[in-house]
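Visitor: Next come the chains, spelled out residue by residue.
2 protein chains.
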Amino acid sequence: MSCKESPHPGLLLVISAPSGAGKTTLSRKLFQIFPSLRPSISCTTRPPRPNERDGVDYFFVDDAEFDDLVEKGAFVEWANVHGRRYGTKKATIDAARAAGTDILLDIDCQGAAILKRQKLDAIFIFILPPSLEELENRLRKRATDSEESIRLRLHNARQEMASADGYDYIVINDDFDQAVAELCAIITAEHCRTQRRYDALEKARA
Amino acid sequence: MSCKESPHPGLLLVISAPSGAGKTTLSRKLFQIFPSLRPSISCTTRPPRPNERDGVDYFFVDDAEFDDLVEKGAFVEWANVHGRRYGTKKATIDAARAAGTDILLDIDCQGAAILKRQKLDAIFIFILPPSLEELENRLRKRATDSEESIRLRLHNARQEMASADGYDYIVINDDFDQAVAELCAIITAEHCRTQRRYDALEKARA
Numbered sequence: 000m001s002c003k004e005s006p007h008p009g010l011l012l013v014i015s016a017p018s019g020a021g022k023t024t025l026s027r028k029l030f031q032i033f034p035s036l037r038p039s040i041s042c043t044t045r046p047p048r049p050n051e052r053d054g055v056d057y058f059f060v061d062d063a064e065f066d067d068l069v070e071k072g073a074f075v076e077w078a079n080v081h082g083r084r085y086g087t088k089k090a091t092i093d094a095a096r097a098a099g100t101d102i103l104l105d106i107d108c109q110g111a112a113i114l115k116r117q118k119l120d121a122i123f124i125f126i127l128p129p130s131l132e133e134l135e136n137r138l139r140k141r142a143t144d145s146e147e148s149i150r151l152r153l154h155n156a157r158q159e160m161a162s163a164d165g166y167d168y169i170v171i172n173d174d175f176d177q178a179v180a181e182l183c184a185i186i187t188a189e190h191c192r193t194q195r196r197y198d199a200l201e202k203a204r205a
Numbered sequence: 000m001s002c003k004e005s006p007h008p009g010l011l012l013v014i015s016a017p018s019g020a021g022k023t024t025l026s027r028k029l030f031q032i033f034p035s036l037r038p039s040i041s042c043t044t045r046p047p048r049p050n051e052r053d054g055v056d057y058f059f060v061d062d063a064e065f066d067d068l069v070e071k072g073a074f075v076e077w078a079n080v081h082g083r084r085y086g087t088k089k090a091t092i093d094a095a096r097a098a099g100t101d102i103l104l105d106i107d108c109q110g111a112a113i114l115k116r117q118k119l120d121a122i123f124i125f126i127l128p129p130s131l132e133e134l135e136n137r138l139r140k141r142a143t144d145s146e147e148s149i150r151l152r153l154h155n156a157r158q159e160m161a162s163a164d165g166y167d168y169i170v171i172n173d174d175f176d177q178a179v180a181e182l183c184a185i186i187t188a189e190h191c192r193t194q195r196r197y198d199a200l201e202k203a204r205a
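These protein sequence lines are chains A and B, in that order. All residue numbers for the first sequence refer to numbering that gives the first Met the number 0, where the first residue is 0 and numbers rise by one. All residue numbers for the second sequence refer to numbering that gives the first Met the number 0, where the first residue is 0 and numbers rise by one.
For reference, chain A alone in the conformation it holds in the complex (with noise of 0.2 Å):
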């Protein structure tokens, strides 16, 4: 038995879901539970809205400095959304963890299988609808996507939804309060982990 140290106090959570099963609204209450809990700041080439702040909403880069970015290694992962680019820079997340911040990382399930091959002590979390036929109720509940949109969502949420097993925990957003309770557990049982509570068991040893 032996102590494996991790050199991050803060967490690193990667959080996926489909569109429709509450991700943001389950997000937004964490924060708020949550003042150690931040949101991962992303690099884009796309240009900021009138309401966003470079460092706040998103880093704004040119395509030559994402370039130079992707380059030098810089991302732990970056995509191509209609020709604009995102990425996550490992140095921002570091920096935070380190500094004793937990990381809340929004991310799509091709983004998170990238973040899972790179051993980065993440916790992968995925929030499932009930079903699918309860997705399809609130998207259209919504009102706001075309029909079209609708199926196309309910095509990619079975996508998602079938690479949910490697994911660490699943949290199933039936009940709004029993998921926020669940995901306030899975992040105070992460804070206890064995190499996570080293600094503690090398004190009470002393």
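Derived by calculation from the structure, the hints in this document are not laboratory data.
No copy is singled out in the list; a pair is fine if it fits within one copy or between any two copies.
In silico DMTMM-like cross-links for lysine to aspartate or glutamate, where the CA-CA straight-line distance does not exceed 25 Å: (1) 202 to 174; (2) 140 to 176; (3) 22 to 105; (4) 118 to 189; (5) 118 to 67; (6) 28 to 93; (7) 202 to 159; (8) 202 to 164; (9) 22 to 174; (10) 202 to 167.
This one's a predicted model, so the numbers in the text were calculated from it and none came from an experiment.
Given chain A, work out where chain B should sit, using these hints.
Guide: Just chain B now, with coordinates in the frame of chain A:
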């Protein structure tokens, strides 16, 4: 990414702590909070005390029966304590877990190490006093132990705390309510582990 299905819907929580760390009080609180959590019932060759009931406090067996169980490999662990034998039957634990009951097995570090080698899909939790000094204070405050007994308990505590690295979780019993909250979070979070949510995952995908 493949799905590792757990054959057990119920958790097996293995809890160890040095004497005086508060394990018994914490466990009692957990039994109140989680009605589906039950203590593991051991087999023993010691005779029942007046208030003890067979199948509730212990399974009382004679030496020949115990020998027979050892020979059959029925125990996941057993130990001889001052000439009386105590053992945990695999069948008892499996039956409870299959019925969805979470089992709490309170055991010393040597017993936990034996269990660990058996890949029982168990969760190992170590209850840590904030310091050896504080543990000594608590033992002295109880005023039930002789000086010799306190010294022996502290000596054993030091040894037990040395093996805490091999546990999955460390809960520091500094503030009692905080320790209870952390134990509750571990139980809730472990139920959210992907291999224990396989049924919900299949249902949502259907």
